[in-house]
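Undergrad: Top line first, the protein sequences correspond to chains A, B and C.
Mind the numbering: the first sequence is residues 1 to 233 in the numbering used here, read in order.
Mind the numbering: the second sequence is residues 1 to 347 in the numbering used here, read in order.
Mind the numbering: the third sequence is residues 1 to 471 in the numbering used here, read in order.
Keep in mind the hints are simulated off the structure, nothing from the lab.
Quantities reported herein were computed from a predicted structural model and do not represent experimental measurements.
Among the clues, some could well be false.
[Said to hold, decoys possible] In silico SDA-like pairs for lysine to any residue, Cα to Cα no more than 25 Å straight-line:
(1) B:K89 - B:S246
(2) B:K35 - B:R341
(3) C:K165 - C:I103
(4) B:K294 - B:Q248
(5) B:K125 - C:D299
(6) C:K43 - A:I72
(7) B:K89 - B:F337
(8) C:K412 - A:S95
(9) B:K242 - C:K43
(10) A:K2 - C:A321
(11) C:K323 - A:F96
(12) B:K201 - A:T26
(13) B:K125 - C:R36
(14) C:K207 - C:I103
(15) C:K323 - A:I60
(16) B:K35 - B:I300
(17) C:K207 - C:K412
(18) C:K253 - A:G212
(19) A:K2 - A:P24
(20) C:K43 - A:S95
(21) C:K323 - A:A145
(22) C:K165 - C:R147
(23) B:K201 - A:P24
(24) A:K146 - B:I300
[Unchecked claim] Which residues of chain B face chain C? A partial, calculated answer using Cβ under 7 Å:
(25) V29
(26) G131
(27) V144
(28) D146
(29) T153
(30) G157
(31) T158
(32) A212
(33) V219
(34) N221
(35) I308
(36) Q319
(37) A339
(38) N340
(39) R342
Ideal Cβ positions, reconstructed from N, Cα and C, are used throughout, including at glycine.
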Amino acid sequence: MKRIVPLWITAIVGVVLIISNFVPWTRSWGEEATTWFGIIAAVAFVLGGGSLLKVHLKKISDRNSGWAYSMIVLGTFAATLAVGLFKIGVSPNPSFPDVPWSGDVQGQGTPFWWVYEYVFKPLTATMFAMLAFYIASAAFRAFRAKNFEAMLLLGTAFIILLGRTFAGYFMTSWIPIDGPFSGLRLEELSVYIMQVFNTAGNRAIIIGIALGIAGTSLKIIMGLDRSYLGGGD
Amino acid sequence: MNLIDRMASLDRRWIFLMMGLAVGIPIIVIGITGKTLPEEPTPLAQAAFNVLDDLDPGSRILMAWDFDPASEGELGPMATSFIRQCAQKGHRMYFIALWPVGAQMIRSSTSRVIGGYYPDLVYGKDWVDLGFKAGNEAVIKTIVTDFDQYFPTDARGTSVDAIPMMEGITSLADFDALVNASAGYPGSKEWVLYAATPLKKPLIIGCTGVQAPQMYPYVPNQVQGLLGAIKGAAEYESIVNKWVRSEQLLDALELGGITEPTSSELAARFTENPAEASTWTTEAAAAAMSPEAKTRLIEIANAPIPGIFLEAQRRMGPQLVAHLLMIGLIIAGNVIFFANRRRGVSQ
Amino acid sequence: MNRQKLTLLSIVGIFVILLVVRAFSGNGFGRIYVERGEASFVKVELPVLDAPADGDVKSEGVRSTWVDATSDEAVDFAGPESPRVAWRSVTPVSPRVYFEATIADEALQAALSTPFDATINGTDLGTALETWRLALLEKANAEAAGRAEPTVEINWTALHAAGFKRKTAITVNSGGDFEASLGAMLDAARAAGDSDAETTMVVADGKGTVTTTADDLAPAIGLSWSRTIGLWLAVIFTLAIFSFLYKDNPLYKIAESVVVGVSAAYWMVISLWDMIVPNLLGQLFPDFVQGNLLPGLGDGDPNWAYLVPAIFGGLLLMRLAPKGQYLSLWTLAFIVGTTAALRMVAYIEGDFLSQINATIAPLYQEVMNADGTVNGYSSFWASVRQITLVIGVLSCLTYFFFSVEHKGVVGKVARVGIWFLMITFGAAFGFTVMGRIALLAARFEFLFDDWLWLIDPTNQRSVAAAVGCLF
């Protein structure tokens with residue numbers, strides 16, 4: 001029972017969705033299923049919050065190392081949730097001023113917006129910006145032109161890095177733009193690499209992955225691949 | 001300890017500092033001087049512009065903003081320029097987001113561009129914010145055939161039935177083009193697979209540098225315009241800025257009584273070289289124009305481009321220096337490596 | 001070591017103190033200004049010619065709806081008994097607006113204490129005040145010297161309400177400054193029996209207003225403490241994350257914990273208000289949702305089919321329950337089944353077939369000139385391009401073909417495939433670097449522009465303030 005029901009759910013949903021692509025009068029079934037999927041995806045965010053709560057509450061109650069940080073996680077979680085869920089400080093929708101809960105929680109000036117603008121935004125943006133530093137350090141330590149393949153990789157990277165900035169234009173602007181060697185100008189070369197070599201390589205990868213995904217999907221729908229159910233068979 | 005050894009054991013914090021300076025100093029220099037590097041648009045950016053330019057004014061454009069503050073540095077300028085081109089052209093814009101934070105991206109880009117520079121556009125008639133919907137590719141798959149199922153209201157809680165520009169929209173097939181600014185999954189790949197390919201609709205993609213190489217194989221059959229990373233944004237930005245300037249000049253010339261084809265010709269000339277506008281107004285050909293119209297023309301020709309429409313071009317400055325630093329670091333790393341190896345062999 | 005740490009800490013401390021002192025003296029930096037106002041609405045009954053589209057219909061041809069209290073409809077149709085709602089509204093303004101208002105205020109104050117030398121004899125109050133207003137405006141503009149545009153206004157609505165009349169004839173001795181002259185004019189009007197109400201001249205937001213003391217005028221443009229504190233908090237968080245580059249520290253860990261807590265809650269709130277309420281609750285309980293949460297939602301009957309996703313959603317949350325966690329697998333099965341089916345069709349159509357289709361094109365590509373003749377040079381290069389592309393795709397696919405041993409011809413072709421892939425990865429590396437740097441540039445712009453006011457690319461502040469941070 002524990003395994004049979006999920007397998008049937010997967011199979012039925014999968015088959016209905018595939019059929020809905022080909023049989024016009026079943027199209028609405030597919031639409032219905034994908035809309036439900038969206039709602040479940042939204043619930044998944046709630047699950048995410050719940051899991052976070054569970055993990056950090058346990059950390060605090062066990063007094064694990066760094067439990068004070070867990071307190072910060074929970075505190076900020078609770079505060080953000082409170083101002084968002086209860087629409088604290090949110091003015092009603094101007095078209096319906098008499099309905100107090102009709103306001104826009106994300107609108108400018110609300111406490112929830114404040115959390116987004118001054119906490120969420122700078123933190124997430126800076127975390128990603130840090131990668132620029134690490135990629136520089138990696139460039140110095142890890143990229144070695146040890147063989148022909150590595151030289152190809154680094155050579156291409158150089159052409160792209162130069163060709164996609166003013167440096168490329170500056171270095172090869174002496175090559176006449178309408179002459180027979182105009183293709184050797186760095187900016188032209190970088191376009192050529194992207195549209196021919198990169199396209200060829202990525203196209204092969206795309207074709208390969210597509211086959212893999214189609215195969216795996218089919219196996220999942222047919223119940224041959226049950227890894228998502230967890231545990232051994 | 002010789003130089004090579006010292007370099008080899010260089011603390012990575014020095015590299016971080018170099019990177020910080022390589023990015024920080026050009027920002028300050030460009031910020032104070034106000035000068036940006038010239039941009040030469042590549043065919044893909046031009047193609048992106050042409051798709052939107054070839055459509056008749058009033059066309060329905062779906063604008064999918066699938067990114068977050070973490071990638072706003074690259075995609076924000078693209079979003080700004082996409083809106084600017086559509087607003088100037090008179091297209092109707094429908095904004096949606098598949099990322100939870102995309103809803104805020106829609107708000108910030110529309111308030112900056114539409115709120116700041118196209119205040120005449122009416123919400124609900126010229127543009128609408130349909131907000132975020134959860135479900136990733138399932139959202140795209142559903143709205144390909146049924147729009148209302150996922151979008152009963154806009155982001156402000158108004159029923160789509162009460163929004164004038166939603167009339168006649170039942171599915172994605174009712175749109176004339178799709179524009180997507182994407183930072184990952186769900187994003188450009190999903191729009192290609194689930195919408196542009198089955199519907200055969202023109203799709204323009206602005207994506208991060210990480211995604212861009214993977215999107216090239218879809219050009220030109222499945223994707224008609226592709227802006228990759230900040231360079232793509234800068235190219236497109238420069239095309240749009242030039243075009244908007246020429247449109248404004250054209251309006252000013254036609255208001256002053258100059259008709260086609262002379263007006264287009266002059267607008268193109270003045271866009272390239274603003275100084276010509278003031279000399280031209282003193283010539284006999286401009287005699288028909290009133291002094292006010294002439295002043296207005298010269299004003300438009302010489303007006304500086306607002307700062308928000310130069311964001312990507314400004315960022316090309318730090319980009320240039322940091323790219324050179326990266327190349328320098330790779331070369332230095334290799335020099336040290338080979339020097340050490342040779343020493344190892346000879347010893 | 002301890003002494004070293006102490007030195008470092010004191011340097012940082014002194015630097016921070018200097019920064020804060022500088023930020024809040026003079027024009028400073030890192031401040032956010034707003035314009036405060038009021039949003040007020042009134043419920044009116046509008047006549048409708050067509051059938052009403054929305055709003056509750058009171059009687060035929062009348063539609064009850066809320067409008068902005070300053071709109072034409074409100075003026076025409078609202079009565080004293082009409083229901084009204086109002087709340088405080090806040091609009092951000094650029095610091096430049098605030099600076100200009102301050103300059104204009106100072107110019108007005110300075111102008112008020114300069115002599116007003118027109119003679120007001122035998123004219124009426126309206127003309128006298130207008131003469132005074134224009135003269136003051138001229139003086140104030142001269143004081144501002146083009147750096148701001150002060151305005152002067154006579155609030156006749158308030159003056160009328162207090163009993164002052166434009167037509168009252170007044171006689172005032174000339175002399176004295178603008179402020180004294182204004183008092184003299186109004187005193188003359190009082191002496192003529194107009195009113196005995198107190199009047200005042202308020203200077204705020206770059207505007208001087210002559211009004212009664214009953215008309216409560218307060219400056220609307222000012223510093224927003226909540227947003228300014230927010231900006232500084234954002235700066236602290238940004239620097240806290242960057243501090244990890246030096247070494248791991250508690251400040252970084254705090255910032256990291258905050259990001260985890262805030263983002264989980266943020267996504268939860270958004271998914272609730274943007275998805276669960278309109279798309280699920282709106283289908284199951286349309287009346288409740290329309291009445292309380294989303295009044296703009298159209299009318300409709302409950303759609304009980306949506307119980308299915310509601311149940312699946314509930315089952316998913318069972319994962320958090322101590323017992324019955326296996327039930328969440330049912331929802332997982334639904335998610336997996338949907339994803340698999342969607343991807344299978346889309347990847348075959350959009351990736352597999354379309355990509356093969358895009359590759360199979362004639363190897364010889366003909367490029368035409370404008371006059372219809374073949375351009376041999378361009379055709380040659382276009383063909384080279386197409387041939388390279390086909391060779392590339394085929395050789396890469398050969399490399400991916402692992403069921404044949406890569407020996408002999410296959411091995412050689414696969415090696416060409418590797419070269420193509422290496423170029424592909426090189427391009428990907430180049431683009432990745434480009435992306436990362438742009439993100440860093442955006443953060444630095446935040447620090448230099450929004451916080452330190454070192455640069456001003458979007459003309460948010462006057463030039464004088466842009467270099468204000470340089471002590």
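Undergrad: All hints, please: hold or fail.
TA: Hint by hint, here is what the structure shows:
1. B:K89 - B:S246: holds, 12 Å
2. B:K35 - B:R341: violated, 45 Å
3. C:K165 - C:I103: violated, 33 Å
4. B:K294 - B:Q248: holds, 13 Å
5. B:K125 - C:D299: OK: K125 of chain B and D299 of chain C at ~22 Å, within 25 Å.
6. C:K43 - A:I72: violated, 45 Å
7. B:K89 - B:F337: violated, 56 Å
8. C:K412 - A:S95: violated, 70 Å
9. B:K242 - C:K43: The given pair, whose Cα atoms are some 47 Å apart, is violated under the 25 Å limit.
10. A:K2 - C:A321: Distance ~17 Å between K2 of chain A and A321 of chain C Cα, so the pair holds.
11. C:K323 - A:F96: Violated, at about 44 Å.
12. B:K201 - A:T26: holds, 24 Å
13. B:K125 - C:R36: violated, 29 Å
14. C:K207 - C:I103: It holds: about 11 Å lies between the C-alpha atoms, which stays within 25 Å.
15. C:K323 - A:I60: Holds, at about 22 Å.
16. B:K35 - B:I300: Distance ~19 Å between K35 of chain B and I300 of chain B Cα, so the pair holds.
17. C:K207 - C:K412: Status violated; Cα separation ~81 Å.
18. C:K253 - A:G212: violated, 40 Å
19. A:K2 - A:P24: With a Cα-Cα distance of about 34 Å, the restraint between K2 of chain A and P24 of chain A is violated, given a limit of 25 Å.
20. C:K43 - A:S95: Between K43 of chain C and S95 of chain A the Cα gap is close to 10 Å, so the pair holds against 25 Å.
21. C:K323 - A:A145: Answer violated: K323 of chain C to A145 of chain A is near 56 Å, above 25 Å.
22. C:K165 - C:R147: Violated - the C-alpha atoms of R147 of chain C and K165 of chain C are around 36 Å apart, more than 25 Å.
23. B:K201 - A:P24: holds, 21 Å
24. A:K146 - B:I300: violated, 57 Å
25. V29: violated, 9 Å
26. G131: Since chain C brings a Cβ to about 5 Å from G131 of chain B, closer than 7 Å, the hint holds.
27. V144: With Cβ-Cβ at 11 Å, over 7 Å, it is violated.
28. D146: Not OK, violated: D146 of chain B not within 7 Å of chain C, min 13 Å.
29. T153: holds, 5 Å
30. G157: Because about 4 Å separates G157 of chain B from the closest Cβ in chain C, which is inside the 7 Å limit, the hint holds.
31. T158: holds, 4 Å
32. A212: A212 of chain B check passes; min Cβ-Cβ to chain C is 5 Å, inside 7 Å.
33. V219: violated, 9 Å
34. N221: OK, holds: N221 of chain B within 7 Å of chain C, min 5 Å.
35. I308: Holds - the Cβ of I308 of chain B comes within 7 Å of chain C, reaching about 6 Å at its closest.
36. Q319: holds, 6 Å
37. A339: At 24 Å from the nearest chain C Cβ, A339 of chain B fails the 7 Å test, so the hint is violated.
38. N340: With a minimum Cβ separation of about 24 Å from chain C (threshold 7 Å), the hint on N340 of chain B is violated.
39. R342: At about 25 Å, which exceeds the 7 Å cut-off, the nearest Cβ of chain C leaves the hint on R342 of chain B violated.
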